[in-house]
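Order-wise, the sequence lines are chains A, B and C.
Mapping the first sequence onto this note's numbering, position 30 (from 1) lands on 30, and the numbers just tick up by one.
Mapping the second sequence onto this note's numbering, position 156 (from 1) lands on 156, and the numbers just tick up by one.
Mapping the third sequence onto this note's numbering, position 82 (from 1) lands on 82, and the numbers just tick up by one.
FYI, nobody ran anything at the bench for these hints, they're computed from the structure.
Just so you know, even glycine gets a beta-carbon here, dropped at the ideal spot from N, CA and C.
Hints may be right or wrong, so weigh each one.
[As the list claims (entries may be wrong)] Facing chain B, from chain C, some residues (calculated, C-beta under 7 Å):
id: 1; residue: HIS53
id: 2; residue: ASP66
id: 3; residue: GLY132
id: 4; residue: PRO145
id: 5; residue: ASN150
[What the hints assert, rightly or not] Listing some non-contacts, in silico: residues in chain B with all C-beta distances to chain C over 12 Å:
id: 6; residue: ALA3
id: 7; residue: LYS11
id: 8; residue: ASP118
id: 9; residue: GLU190
id: 10; residue: VAL221
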Amino acid sequence: MNRIAENFFDLAVMAKYLPSIIDGVWVTIHLAVLIVLSGLALGFVLAVVRAFQIRPVNWLIVLVVDVFRALPPIVIMIVFYFALPFVGISMSGFVVAWLSLTLVLASFAEEIFWTGILSVDRGQWEAARSTGLGFLQTLRDVVLPQAVRLTIPPLTNRTIVITKSTAIASVVAVQEILTQASAAQAFSANTTPLTMAAIAYLIIFFPLVVLSRWVESRFGWKR
Amino acid sequence: MTAPLPMLDLKGVRKSFGAIEALKGIDLSVARQELVFIIGPSGSGKSTLLRCCNRLEEPTAGQVLFDGVDILSPGIDINETRRHIGMVFQSFNLYPHLTALGNVTLALRRVLKLPRDDANERGRAALDEVGLAERAHAWPNELSGGQQQRVAIARALALEPKVMLFDEPTSALDPELVGSVLDVMRAMRESGMTMLVVSHEMGFAREAADRVLFMDEGEVVEEGAPARIFEAPAHARTREFLRRVTGH
Amino acid sequence: MEALIYNFFNLEILLKVHPLLLKGFWMTLQLCLLVVPLGIAGGLVVAVAYSFHVRWLNWLLIAYVDFFRSFPPLVLLILVFYGLPFIGLEVPSLIAVLIAFLLNTASYYGEIFRAGIESIGRGQREAARSTGLTGLQTMVYVVLPQAVRNVLPDLISNTLEVIKFTALASVVALPELLRMGRVAQGLTYNPTPLIAVALIYLALLWPIVRLLSRLERRTMAKR
Ligand SMILES: Nc1ncnc2c1ncn2[C@@H]1O[C@H](COP(=O)(O)OP(=O)(O)O)[C@@H](O)[C@H]1O
Ligand SMILES: [Mg+2]
């Protein structure tokens, strides 16, 4: 028991490294918020573009979306960070992490929005068009409002999963929580900083997980 | 000579759901080969009564004797007991992931532990009894409501029960499909099955029931021969109910 | 163009390092074949335990599930990997990785199975019990087959995520595919191995992504 206290909950170590963990927390939150905003926006735009059903454009969207859903985020970040510079594209670790996870979230979001759009009955399109609404008007005023409701639970879950992956940014030297904690662990030769990181993640994400449970019961369809 | 042992004997059965008293002390004895018919308004406790007979609901108080054995006593193997008490539900409750034959043979294989071939043979015979031998390999969603309910009856029959409980077996059916299910029930009656039937099919009750019970608000209000209950009900509540369901 | 081919699609390099990549590939495959069944088994235990509807147990299970859904898998991995030795548990690194993944994946699988079990109406259970099946038999032969079918897209989707997670093991130097790719890159000063790793993941996982798109479209349309 003592051993656990010494190695995982050493108060002196905690006090010493708290500031750097808090620095990490801000970087994580900053990164996560940027990813959520740009990822959801890009995903939404892609889904709307796809609704126009222009063959070559759709193929391109499906290709990109499939690739970023299939690849592990850590592989994407490592390729962006360690391979792209060889062909003259250099980005900071923060930009790499932001771009990678934005593309991943956008891909999942596009797929979810698109599935939502498809799930709206054809009759809705026909009814709206028969009253003289244009394509975009129908999409905006009739189809999307119905589609979005369906998409809220899966989007919430996916967004949480992907914002949690910001921890992977530690691999490309972003000074987020896990990086700070690993460095502190190395300095102090003690696991306490990792415990602190775990607690920090718990504080950030536990409320979100509980929220997603609520969203599921509020908007989820009875299956 | 003592009177023969009743098949089912309920003594002072009570059931409460929180503050709601669904059954307020029911005494009911069903003799061998008897068909007892239960009528009553929605919410009067008919389903709860049936479900107490195989302990899908645990009675709050009272005794349920099945073939002389108290099925509420702690030592009882309820799963062994249940296979002797067939039940048919309003909503069929066929297993959608199994074929008609699969539905009928599941308990044969898992409860009676019959080998697959024996189970299939017995399952087919049960389907044959309800006139669906040729639909053995159909999936539930490929069958009409009447056919689904007959498969559900076969599922219970295959276990060779001593008594069958029917909870509104035709209420979920289109009118033109009701007849096929009643035909099967009639045949079961003729072959001597003991039956406890909750239903609104008054015509069937008149023709096939030995006794009709009228339930209201968790109590048996009156009981008697079908002709007596339908033609000369003793209680105002019974008269009122019959007037509403028969529409005059 | 030439630089692109030389750096990303260098056959000579690929020929040289392919034994490394092959070794990594087998490790990844092994990891998947251990992690996925373990996670599914863990998830089933969680979900079936939940279905007994014992109040205190359910609180405990939900707490477990939400707790581990709040940690980024990478954080859990690092905590378990570096933490276990500190409490005197010297286990092989593969075992440490498996423990971390099991904690994480069982909670996700558990949540999916739970939703599946709850989607099966009471009537199914009652019909089964009325024919004498025991509670466990009812679960195994009647409820679970239908439950699994109802949540099949979620199960496959989670399995895809779990397979992608295995790449995280590279961070703790488990010699799986990504790790070997990075080793190969270090040896050759050429990022071709990284691109090859990405392409291998793509070849492996793209069919699953396609399948999922179809399945998800079908289930959402049904609601
Ligand atoms: N599982 C349950 N929980 C709470 N109340 C119930 C439950 N089942 C039945 N009841 C209540 O018990 C009463 C009798 O119900 P039921 O036996 O289904 O009546 P019937 O089959 O005659 O329509 C009703 O008031 C009903 O609301
Ligand atoms: Mg009822």
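Here's how the hints hold up against the structure:
no. : hint   : in the structure
1   : HIS53  : violated, 15 Å
2   : ASP66  : violated, 30 Å
3   : GLY132 : holds, 3 Å
4   : PRO145 : holds, 5 Å
5   : ASN150 : violated, 10 Å
6   : ALA3   : holds, 29 Å
7   : LYS11  : holds, 22 Å
8   : ASP118 : holds, 17 Å
9   : GLU190 : holds, 24 Å
10  : VAL221 : holds, 27 Å
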